[in-house]
Amino acid sequence: MALSTNNVLLASNISVQFGGLLAVNDVTFGIPEKSVVSLIGPNGAGKTTFFNVITGLYKPSSGTVNYDGTDTTDLPPHKIAALGMARTFQNIRLFGLMTAEENLLVAMHSHLKSGILATIMGTPSQRKEEKEALDRAREILDFVGIGKWAGEYARNLSYGDQRRLEVARALALNPKVLLLDEPTAGMNPQESQVFIDFVYKVRAERDVAILLIEHDMKVVMSVSERVTVLDQGEKIAEGTPDEIRSNQRVIEAYLGKAKGGK
Amino acid sequence: MARTSQRKWVTGYLIAVAAIFILYQFLFPWEGLPIGIYDFLQLWLPPTAVNESLVYVICALGLNIVVGYAGLLDLGYVAFWAIGGYCAGWFMSEFFYQINVHFFGSVARTAPGIHVNFWGVLLIGGLVCAFFGILIGGPTLRLKSDYLAIVTLGFGEIIPQVFFNGDNIAGFNLSNGTKGITILDPIPVGVKNIGPFDFGFKFIIFVLLAALMVFISLRLRKGKLGRAWLAIREDELAASMMGVPLMRTKLSAYAVGAFAGGLGGVAFATHVDGVYAERFNFSISIFLLAMVVLGGMGNVWGVIIGALLLSWINSTGLPAFGSTFNDKFGTSINFPSFTFLLFGLVLILMMLYKREGLIPESRLRLILHEGDAEEDITSKESK
Ligand SMILES: Nc1ncnc2c1ncn2[C@@H]1O[C@H](COP(=O)(O)OP(=O)(O)O)[C@@H](O)[C@H]1O
Ligand SMILES: [Mg+2]
Numbered sequence: 002m003a004l005s006t007n008n009v010l011l012a013s014n015i016s017v018q019f020g021g022l023l024a025v026n027d028v029t030f031g032i033p034e035k036s037v038v039s040l041i042g043p044n045g046a047g048k049t050t051f052f053n054v055i056t057g058l059y060k061p062s063s064g065t066v067n068y069d070g071t072d073t074t075d076l077p078p079h080k081i082a083a084l085g086m087a088r089t090f091q092n093i094r095l096f097g098l099m100t101a102e103e104n105l106l107v108a109m110h111s112h113l114k115s116g117i118l119a120t121i122m123g124t125p126s127q128r129k130e131e132k133e134a135l136d137r138a139r140e141i142l143d144f145v146g147i148g149k150w151a152g153e154y155a156r157n158l159s160y161g162d163q164r165r166l167e168v169a170r171a172l173a174l175n176p177k178v179l180l181l182d183e184p185t186a187g188m189n190p191q192e193s194q195v196f197i198d199f200v201y202k203v204r205a206e207r208d209v210a211i212l213l214i215e216h217d218m219k220v221v222m223s224v225s226e227r228v229t230v231l232d233q234g235e236k237i238a239e240g241t242p243d244e245i246r247s248n249q250r251v252i253e254a255y256l257g258k259a260k261g262g263k
Numbered sequence: 028m029a030r031t032s033q034r035k036w037v038t039g040y041l042i043a044v045a046a047i048f049i050l051y052q053f054l055f056p057w058e059g060l061p062i063g064i065y066d067f068l069q070l071w072l073p074p075t076a077v078n079e080s081l082v083y084v085i086c087a088l089g090l091n092i093v094v095g096y097a098g099l100l101d102l103g104y105v106a107f108w109a110i111g112g113y114c115a116g117w118f119m120s121e122f123f124y125q126i127n128v129h130f131f132g133s134v135a136r137t138a139p140g141i142h143v144n145f146w147g148v149l150l151i152g153g154l155v156c157a158f159f160g161i162l163i164g165g166p167t168l169r170l171k172s173d174y175l176a177i178v179t180l181g182f183g184e185i186i187p188q189v190f191f192n193g194d195n196i197a198g199f200n201l202s203n204g205t206k207g208i209t210i211l212d213p214i215p216v217g218v219k220n221i222g223p224f225d226f227g228f229k230f231i232i233f234v235l236l237a238a239l240m241v242f243i244s245l246r247l248r249k250g251k252l253g254r255a256w257l258a259i260r261e262d263e264l265a266a267s268m269m270g271v272p273l274m275r276t277k278l279s280a281y282a283v284g285a286f287a288g289g290l291g292g293v294a295f296a297t298h299v300d301g302v303y304a305e306r307f308n309f310s311i312s313i314f315l316l317a318m319v320v321l322g323g324m325g326n327v328w329g330v331i332i333g334a335l336l337l338s339w340i341n342s343t344g345l346p347a348f349g350s351t352f353n354d355k356f357g358t359s360i361n362f363p364s365f366t367f368l369l370f371g372l373v374l375i376l377m378m379l380y381k382r383e384g385l386i387p388e389s390r391l392r393l394i395l396h397e398g399d400a401e402e403d404i405t406s407k408e409s410k
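One line per chain: the protein sequences are A and B, in this order. Just remember that the numbering used here sits 1 ahead of the position in the first sequence, which is counted from 1. Just remember that the numbering used here sits 27 ahead of the position in the second sequence, which is counted from 1.
The set of hints was computed from the structure by calculation and includes no laboratory data. Built from N, CA and C at the ideal position, the CB exists for glycine as well. Among the clues, some could well be false.
As the list claims (entries may be wrong) - Computed, partial: chain B to chain A, Cβ under 10 Å:
id, residue
1, Ile-47
2, Asp-262
3, Met-274
Could you put together the complete structure from these sequences and hints?
Written as structure tokens, this is what we have:
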């Protein structure tokens, strides 16, 4: 397993225990800068749990997370986020009764400096900061293609647009690492294809590494430079899409089951 | 778009304020006013009730920040009201007669006690309450909402009890116990000093305080902090994943909310010209909560209406209706005793059928955005 030295994120020997269940078992995993890597595996393999460890939501039972030179293992989620680690959720978690642009502005919270008194008084620097933030929010919304919904409530957007808004919100954090948890869940093949193009676009235009949890093999195989496979909390394979495709353990553990399930 | 609607609300309230001020400052004391109208007003809208309702508005706006914006339940808000009240009692009266401290006070320099200028006391009351808000919030805000509700409930019970029994704390008289602290310094406004019965001027002062809370609420709502509050209300976990520090943000909601409670407490003390511990009971916390819920959590304009309406029903509407009803039908039903039943019903019905309140923030904005969309279409078509 060749972990290159320019990993923007390196999770080493991560284990997570829920009572008697070992949801993640001694997984080491790195994300090279500006790469697109995927995490796949059957349901319950521990993929989301792994995300939750990286983003600080769960503390691992053992192991460390190093993000961009900082040990983030024991940092609270908001500090990790502020460092530039952004994520979307398997089940969409937008701020439903806030507008699309406000959703993005929330993600800029840690970048905005104005204090409570400056906000109440509306000082020139506070206004300037707000205006710049709003401009940036609109720019990102345009980038993901939902600029026209800037003033709409998040919960009123269509499913696909909500997925886009989640990505836009994550991008508003100005991340170095973008974690996408099953972004094409619930999309039809055409929508998935649009999403693949979108991932390419994000990587091309934003300096960001992308870690993708994905069930749709077409998506995984077409966008990832590297694929890591989890099964029952353990890393069973890692390699290029071609290597993974031909890996016997993977076929047994994942592809076989997925086919059998259908 | 939102701007014009806001302007409408402001204009509406300003007209109401002007009308009420003229009514009570000039018409009410006018000897030519027909006795029938005078009696009617005295029964259905006495000046004390108007001013008291404004105190409720100030506090409800503060609670709205905690409950409506940040989505945190607080069942003990009366504690801040009490602390604010005692700040007025301590710093604007002869209560601490042993010492003689004056700070731009409105009484003779020879008067014993602590006499800080009313406007200074407002600031002190607000800040002391904000401090207590942080103090109580610190250890409790980590709790889940149900437990938070219980702890705040306890806080709201304990603080008034401390004042109620605080006439001898190891020999120190903190609160004068059940007797309370009476006769506060008048309010200096430059041209004159406003005494306890100058309803008209106090009305203006209370309106200004309420306006200040509206201003603070709207400004914060539009800024970074307000967005973080709403984000926490909408989805706490997602908010933290987007870089919002949960504890700090919740604490600031508590602090700002408590600050308003302090303002309201000081205002209430000048309104009744004294501080009486038995007045600060649980029902006030519930009234305020009902006002926020009824008005539409998060919408300041609705919360103001909720506060005015429920405060009026409680202080005037129900008793006046009761006495009119009893006179007419020769009954002797104690209508004011149904207050709690009524408020409880309001809360339950609102929760069952109209969770978003009478004038919800969301709906209001949805309507506005529908307007926006129409505008878009027409502007596109004309191109
Ligand atoms: N908070 C939790 N408490 C207890 N068990 C959990 C928790 N989160 C996940 N699990 C369990 O850990 C395992 C891995 O779950 P998850 O990471 O969601 O899988 P995946 O995302 O790969 O489908 C599952 O068995 C799940 O039930
Ligand atoms: Mg999952």
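Hints versus structure:
1. For the restraint placing B/Ile-47 at the interface with chain A, the shortest Cβ-Cβ distance is roughly 27 Å, beyond the 10 Å limit, so the hint is violated.
2. This hint holds: B/Asp-262 has a C-beta 5 Å from the nearest C-beta of chain A, less than the 10 Å allowed.
3. At its closest, the beta carbon of B/Met-274 sits 9 Å from a beta carbon of chain A; the interface hint therefore holds under the 10 Å criterion.
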